[in-house]
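A.B. asks: What follows is each chain in one-letter form.
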Amino acid sequence: MNRPVYDPPRTAESIATAGRPPGPRAAPAHAPAAPPALELRGVSKSFGRPRGDQLVLDDISLAVAPGEFVCLLGASGCGKSTLLALAAGIDEPSAGEVSAVGPRPALMFQEHALFPWLTAGKNIELALRLRGVPRRERRLEAERLLGLVRLSGAYGKRVHELSGGMRQRVALARALAQASQVLLMDEPFAALDAITRDLLHEELIRVWQEWNQPGTDARSLSVLFVTHNVREAVRLGGRVVLLTSRPGRIAREWRIDLTYPRRLEDEAVAEKSKEITEELRKEISRHARS
Amino acid sequence: MPGADTRRPRRAADPRTLLPNTPRDGNELDGLSTGLDALQSAQHKGGARLGKVLLTRVTPPVVAIALILTVWELVHLAGVKPDYVLPGPRAVWDALVEQWYLGTTLGVIGQSVSRGALGFLAAIAIGTPLGLLVWRVRPVRTAVGPILSGLQSLPSVAWVPAAVIWFGLTDTAIYAVVLLGAVPSVANGLVAGMDQVPPLFVRAGRSLGARGLRGVRHILLPAALPGYLAGLKQGWAFSWRSLMAAELIAGSPEMGYGLGQMLENGRVAQDMPLVLATILLILCVGISVELLVFAPLERYVLRTRGLLERAP
Numbered sequence: 001m002n003r004p005v006y007d008p009p010r011t012a013e014s015i016a017t018a019g020r021p022p023g024p025r026a027a028p029a030h031a032p033a034a035p036p037a038l039e040l041r042g043v044s045k046s047f048g049r050p051r052g053d054q055l056v057l058d059d060i061s062l063a064v065a066p067g068e069f070v071c072l073l074g075a076s077g078c079g080k081s082t083l084l085a086l087a088a089g090i091d092e093p094s095a096g097e098v099s100a101v102g103p104r105p106a107l108m109f110q111e112h113a114l115f116p117w118l119t120a121g122k123n124i125e126l127a128l129r130l131r132g133v134p135r136r137e138r139r140l141e142a143e144r145l146l147g148l149v150r151l152s153g154a155y156g157k158r159v160h161e162l163s164g165g166m167r168q169r170v171a172l173a174r175a176l177a178q179a180s181q182v183l184l185m186d187e188p189f190a191a192l193d194a195i196t197r198d199l200l201h202e203e204l205i206r207v208w209q210e211w212n213q214p215g216t217d218a219r220s221l222s223v224l225f226v227t228h229n230v231r232e233a234v235r236l237g238g239r240v241v242l243l244t245s246r247p248g249r250i251a252r253e254w255r256i257d258l259t260y261p262r263r264l265e266d267e268a269v270a271e272k273s274k275e276i277t278e279e280l281r282k283e284i285s286r287h288a289r290s
Numbered sequence: 001m002p003g004a005d006t007r008r009p010r011r012a013a014d015p016r017t018l019l020p021n022t023p024r025d026g027n028e029l030d031g032l033s034t035g036l037d038a039l040q041s042a043q044h045k046g047g048a049r050l051g052k053v054l055l056t057r058v059t060p061p062v063v064a065i066a067l068i069l070t071v072w073e074l075v076h077l078a079g080v081k082p083d084y085v086l087p088g089p090r091a092v093w094d095a096l097v098e099q100w101y102l103g104t105t106l107g108v109i110g111q112s113v114s115r116g117a118l119g120f121l122a123a124i125a126i127g128t129p130l131g132l133l134v135w136r137v138r139p140v141r142t143a144v145g146p147i148l149s150g151l152q153s154l155p156s157v158a159w160v161p162a163a164v165i166w167f168g169l170t171d172t173a174i175y176a177v178v179l180l181g182a183v184p185s186v187a188n189g190l191v192a193g194m195d196q197v198p199p200l201f202v203r204a205g206r207s208l209g210a211r212g213l214r215g216v217r218h219i220l221l222p223a224a225l226p227g228y229l230a231g232l233k234q235g236w237a238f239s240w241r242s243l244m245a246a247e248l249i250a251g252s253p254e255m256g257y258g259l260g261q262m263l264e265n266g267r268v269a270q271d272m273p274l275v276l277a278t279i280l281l282i283l284c285v286g287i288s289v290e291l292l293v294f295a296p297l298e299r300y301v302l303r304t305r306g307l308l309e310r311a312p
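Line by line, the protein sequences give chains A and B. If you're matching positions, the first sequence starts at 1 in UniProt numbering and goes up one per residue. If you're matching positions, the second sequence starts at 1 in UniProt numbering and goes up one per residue.
Mixed in with the good hints there might be a few duds.
[Claimed, not checked] Restricting the straight-line Cα-Cα distance to at most 25 angstroms, the calculated cross-link-like pairs of lysine to any residue (SDA-like) are:
hint: 1; chain 1: A; residue 1: Lys157; chain 2: B; residue 2: Lys233
hint: 2; chain 1: A; residue 1: Lys122; chain 2: B; residue 2: Val202
hint: 3; chain 1: A; residue 1: Lys157; chain 2: B; residue 2: Val301
hint: 4; chain 1: B; residue 1: Lys233; chain 2: B; residue 2: Gln196
hint: 5; chain 1: A; residue 1: Lys157; chain 2: B; residue 2: Gly251
hint: 6; chain 1: A; residue 1: Lys274; chain 2: B; residue 2: Pro296
hint: 7; chain 1: A; residue 1: Lys122; chain 2: B; residue 2: Arg303
hint: 8; chain 1: A; residue 1: Lys122; chain 2: B; residue 2: Gln40
hint: 9; chain 1: A; residue 1: Lys157; chain 2: B; residue 2: Arg217
hint: 10; chain 1: A; residue 1: Lys157; chain 2: B; residue 2: Gly35
hint: 11; chain 1: A; residue 1: Lys122; chain 2: B; residue 2: Arg49
hint: 12; chain 1: A; residue 1: Lys157; chain 2: B; residue 2: Arg49
hint: 13; chain 1: A; residue 1: Lys122; chain 2: B; residue 2: Arg206
hint: 14; chain 1: A; residue 1: Lys157; chain 2: B; residue 2: Arg206
hint: 15; chain 1: A; residue 1: Lys282; chain 2: B; residue 2: Arg206
hint: 16; chain 1: A; residue 1: Lys157; chain 2: B; residue 2: Leu221
hint: 17; chain 1: A; residue 1: Lys157; chain 2: B; residue 2: Thr304
hint: 18; chain 1: A; residue 1: Lys157; chain 2: B; residue 2: Glu298
hint: 19; chain 1: B; residue 1: Lys81; chain 2: A; residue 2: Arg158
hint: 20; chain 1: A; residue 1: Lys157; chain 2: B; residue 2: Pro296
In short, the hints are calculated from the structure, not lab data. Remember, it's a predicted structure, so these values are computed and weren't measured experimentally.
Please put together the full structure from these sequences, using the hints given.
C.D. replies: What follows is the structure, encoded as structure tokens:
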């Protein structure tokens, strides 16, 4: 096998949590009761000082199974990004609990957020370095991760020399370099043109599947993907969770039992999207009445 | 499962994966991705040719200087002012040549430049931690921030009398003036640079695990480099100006003989060509440092970050 073999970090914690991941298409519901890769229990978040009277997220409970791909769907301002910040541990919930297995979840933004003073390869190496990978292993690992996102020749490229799609793939590689078992994505492809986005969807699914293929040493990779695009959610997710706005609450969720790879123009994807869109519209008009 | 398993996983060492790439057989997505990459990547033209560089970048300043010299010579020839007040370009040139044959000119320039450089380096060593402190500690910022900004607008000549009274006619007095002139610029440049770091970089850094000191080192400092560099550039300009002011006023036989003292000697001797020649030398040093040190540094930093669109 020439598939990249993931090198698990050597921490006691990771040894404890290292388990054989289910295949990406194995429905997590039927999986043996493995602990969720990411779990939010009754999480609320309010902003506004000093009283914290602006409730953004209200009692969110969400579990992402190891190896699962969950899409979080909602209109603008429903607190999706806040939720990801909480899950990533860069913000604290006002109430409730957030827990994730393994190292800190990796986070990808709508903007690539690559550091322009570093080359593509060095961006990835910085993530490796901050994770504690020894210097002599970083270069090879960075090259491997770039290869995983099909950018083997881009090691020495500066960020501005890369196209938008390439930047997001480097950002994906950098996120993977964190060796987290949870990848949080905050509308990562929203700023890309439709053609590039379509290809990146496919690449993301491919990388996720490769990472999660059973029978390898790799630990599972769960994805929590935030989007406002119903089709995108249906195309990517094994589960789609609808978030309402103001405050953000989980309204409904759908299991998407379609085989990968899916296409944006697939009949089944279209059908499911229609169903979800209708629900989404109802959700929005509910706001008009209140 | 179809799809996933038919795709050949990617090997990092595969030379065919180098960009730009031709589609690999039997792998549609690969071909699509690399094709799109090739389409969307900027095509870089080769560097500008030497002849063009000479024409577009060297000619205009040369023409401008020639024009100034011509006007100067014409005014001189017209005899608007007597020779000892307004000598012609040739007399100034002769004064320069005369100084050169005295064999001390390089020493004089060296004296000033080494003082300026030493003072500037000290200003960096003091201004950088000071800037970090002001940026990081809120009360310090509230207390010291406005004073630092105010000091930037205080002409450093104003410090010369005070420095002379404190330290006498010594090099210490000169360095004190240089530091008081340059440190606020360096510190302020760093603070401004740090303030302008996009919050996205900070968030990305935090999610990668760069918090606290590691965040400062790996994210904030490199991100603030362009602003810091602008502060350094201004710091050097202030160092050089302060130095000239200090040398001009605080000169004594025991101290090294710099450009400022040369200027003062010219004034005392009513030697206008020497005064003008010295001014030219001071100007040349300033321009040289800008062209040889700061311009390339700045261009490098901006270009690697894609902040410099046009070819230099």
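A.B. asks: Each hint needs a verdict: does it hold in this structure or not?
C.D. replies: Now for the hints, and whether the structure bears them out:
1. A:Lys157 to B:Lys233: Answer violated: Lys157 (chain A) to Lys233 (chain B) is near 28 angstroms, above 25 angstroms.
2. A:Lys122 to B:Val202: holds, 17 angstroms
3. A:Lys157 to B:Val301: Measuring from Cα to Cα gives roughly 15 angstroms; hence the hint holds.
4. B:Lys233 to B:Gln196: Status holds; Cα separation ~18 angstroms.
5. A:Lys157 to B:Gly251: This hinted pair is violated, its Cα atoms lying about 54 angstroms apart.
6. A:Lys274 to B:Pro296: At roughly 57 angstroms apart (the allowed maximum being 25 angstroms), Pro296 (chain B) and Lys274 (chain A) break the hint.
7. A:Lys122 to B:Arg303: With a Cα-Cα distance of about 17 angstroms, the restraint between Lys122 (chain A) and Arg303 (chain B) holds, given a limit of 25 angstroms.
8. A:Lys122 to B:Gln40: Holds, at about 22 angstroms.
9. A:Lys157 to B:Arg217: Distance ~22 angstroms between Lys157 (chain A) and Arg217 (chain B) Cα, so the pair holds.
10. A:Lys157 to B:Gly35: holds, 17 angstroms
11. A:Lys122 to B:Arg49: violated, 32 angstroms
12. A:Lys157 to B:Arg49: Holds: Lys157 (chain A) and Arg49 (chain B) sit about 24 angstroms apart, inside 25 angstroms.
13. A:Lys122 to B:Arg206: The given pair, whose Cα atoms are some 17 angstroms apart, holds under the 25 angstroms limit.
14. A:Lys157 to B:Arg206: holds, 24 angstroms
15. A:Lys282 to B:Arg206: violated, 38 angstroms
16. A:Lys157 to B:Leu221: Between Lys157 (chain A) and Leu221 (chain B) the Cα gap is close to 21 angstroms, so the pair holds against 25 angstroms.
17. A:Lys157 to B:Thr304: Roughly 10 angstroms between the alpha carbons, so the hint for Lys157 (chain A) and Thr304 (chain B) holds.
18. A:Lys157 to B:Glu298: holds, 20 angstroms
19. B:Lys81 to A:Arg158: violated, 59 angstroms
20. A:Lys157 to B:Pro296: holds, 21 angstroms
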